[in-house]
Amino acid sequence: MAESRLPHPDLPPPASIIGPWGWMRRNLFSSPLNIALTALAAYLLWVAVPHLLNWTLFNATWSGDTRADCQANSGACWVFIRVHFEQFMYGFYPEAQRWRVNIAVLLLILGAAPLFIRTVPNPVKVKLGLSLLVVYPMVAFVLFKGGLFGLPNVETSRWGGLLLTLVIAGVGMAAALPLGVLLALGRRSKMPAIQTLCVTFIEFWRGVPLITVLFMSSVMLPLFLPEGMNFDKLLRALIGVTLFQAAYMAEVVRGGLQAIPKGQIEAAAALGLGYWKSMALIVLPQALKLVIPGIVNTFIALFKDTSLVLIIGLFDLMNTVHNATTNPDWLGFSTEGYVFAAAVYWLFCFSMSRYSQNLEKRLHTGHKR
Amino acid sequence: MTELSSAPVKPPFWNNPQVRAIIFQAVALLATVAFGLYLFENTQDNLRRLGIASGFGFLSSPAGFDIIQTLIPYSAASSYGQVFWVALLNTLLVSALGIIFATLLGFIIGVARLSKNWLIAKLALAYIETFRNVPLLLQIFFWYFAVLRAAPAPRQSLSLGDTFFLNIRGLYLPAPQFQPGFGWVLATLGVVIVIVVVLTRWARRRQMATGQPFPILSTALALLIGLPLITFWLAGSPLHWQVPELRGFNFQGGLVIIPEMASLLLALSIYTAAFIAEIVRAGIQAVSHGQTEASFSLGLNSGMTLRLIILPQALRVIIPPMTNQYLNLTKNSSLAAAIGYPDLVSSFAGTTLNQTGQAIECIAITMAVYLTISLLISFVMNWYNRRVALVER
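Heads up: the sequence lines are chains D and E, in that order. Take the first sequence: its position 176, counted from the start at 1, is 163 in the numbering used here, and no numbers get skipped. Residues are numbered in the numbering used here as their position in the second sequence, beginning at 1, plus a constant of 136.
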């Protein structure tokens, strides 16, 4: 009569290391210092969060048309934003013409959407992307500015709000990237004169603050140009922003160019490709892919820097909001205004950075070091 | 028997890369010079037409306006040259303070971001993502118009222990007042610093020679704090604090930080700290864990591991982007012009330019100053970079 000895079945792990309790022990209370830190952070949140929620949501005023509607509640007065919302979006763009802006935005969304869908074949994407870069700006310009096809003319000084912010950011990005690539190639060139010119250009623009560049474009540019020739204020700001960001872009792209091994260029030369072809077909596609995070960071910086055009008196989103907070009928709501503007800027910048992380992961083909 | 062409066909000279390079460069240089001359001619014409005399003579004429914060003696009768120095010092003051605060805050947040404590790490992440993605100008405006300009009038000041006061005129702090004997304390401090430097060298030489470590950090701290304290006590505590007092409609005495400066400093430090935190995090993560393990296996304790193994390697990654952030902060301090803090751009490229009409000179001087600061900092950075760079075989 053999006594069979079976091993005892595994005991479940102790309750203290699994489940929510285990997670908390590991991540919040692992040492006396961590317990103290958790307690401190929890206390700070306990003090701050109810205040914030009460102000933004529970005690806030959402409906109404005048500031009198906000007197009853102690929280934020979102009526201020609601009343000025159109102004924040379009600035002083004539109300009857705002459909043109809406159509341009709709066109952009419709045109850009296929670029983000993975099943669309690449050649289609390339054609679409190129037409977005070349044709769309012209269409958008005609729509915004008018003066053709019976559309009434709208002066650029009346463009404003988020529309102007997006125009400056869009033009700045589209122009700064190619210019930056050319400058980076020039800086890496073996011709001493070209190299010196590019290095001087880059170091000059990187060494001065954007605000002095904008000052320069508004007070000095008229002196540089022949008599009678005058640029539109918006165009001057655009030139300043583009040249400034192109210098930063050049340094980012140069980082990518330096990371490409020399063998790639030699291989391209062995295949009989000239300078431009080897750059365009072999080096740049690899280099640009490597520096996507840097390029997007420059784009984000550019987007935030568009707020500086306030200094030279353009009414972008920032200036429109600031202007509304100094409106005598609506004094005392600057916090609401700035929080709203911050939320809009944050949304754009944060989504750009998320998209770049996504893109980086997708294009990661093993060449990254 | 057909004859093969013996000599290879000589390509036309325009296909020769060297000739091409020379032509290309000559064209680029000529175009640049021509463009420069064109601008110069236009400027000359315009200046003549507008009747503006170019030159730097205006720097010695009286300015005739007041500046709300001056670090050196200045009055409305002072010259535009004086304005330049006052404005430059204001720029340097706010940049230096901003760099100190941003570095402290950035290091704390960066380390917190790597904390094993989930709550702390998430809070640090929230801080970084919030402040990094909102324009700096907007943050300056928020602190200035929504917070500090909304502070109460002097009579209803917010106070902390009746020593610190905050009202719409600014932040009032007690001002230190040095009594005659204070020189002795400073002199002691100087002597102690020399002693510590000598001691450090001696300790290192001894450790190299004999392998015996010397507790240099604790000794130095004890000397640095202890000796000046003893002198301070012996000299009869020669330091008094002048607390600001409400007299009439405003505070008298004490140190006042004007709201423009406070909001600029707050915004600059908080904004730049978000970037510095990411740099610190990346730097620490760049040192692989194997380094720590190897160091422990060599018998170094955790303090020495941090000081001798981790930090030197992390700093190699941290320093270059950190210097860039310092540069950015200095250049961003020019946003002061938007809220009227009297910095270089606001007082010199703004008020002085408007009063004198010397646009080219004012902007050129301002740009030259920023350019000099940038080039100086990048020069120092390159020097440091070469010193800490990996020496490869």
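Treat the hints as calculated values from the structure; they're not laboratory data. All residues carry an ideal CB built from backbone N, CA and C; glycine is no exception. Take the hints with a grain of salt, since some may be wrong.
Stated by the list, open to error - According to the in silico footprint, chain D covers these stretches of chain E (three or more CB under 8 Å from chain D): (1) 168 to 178; (2) 256 to 267; (3) 397 to 408; (4) 473 to 484.
**Asked** Quick check: which numbered hints come out false for this structure?
**Response** Those not satisfied come down to hint 3.
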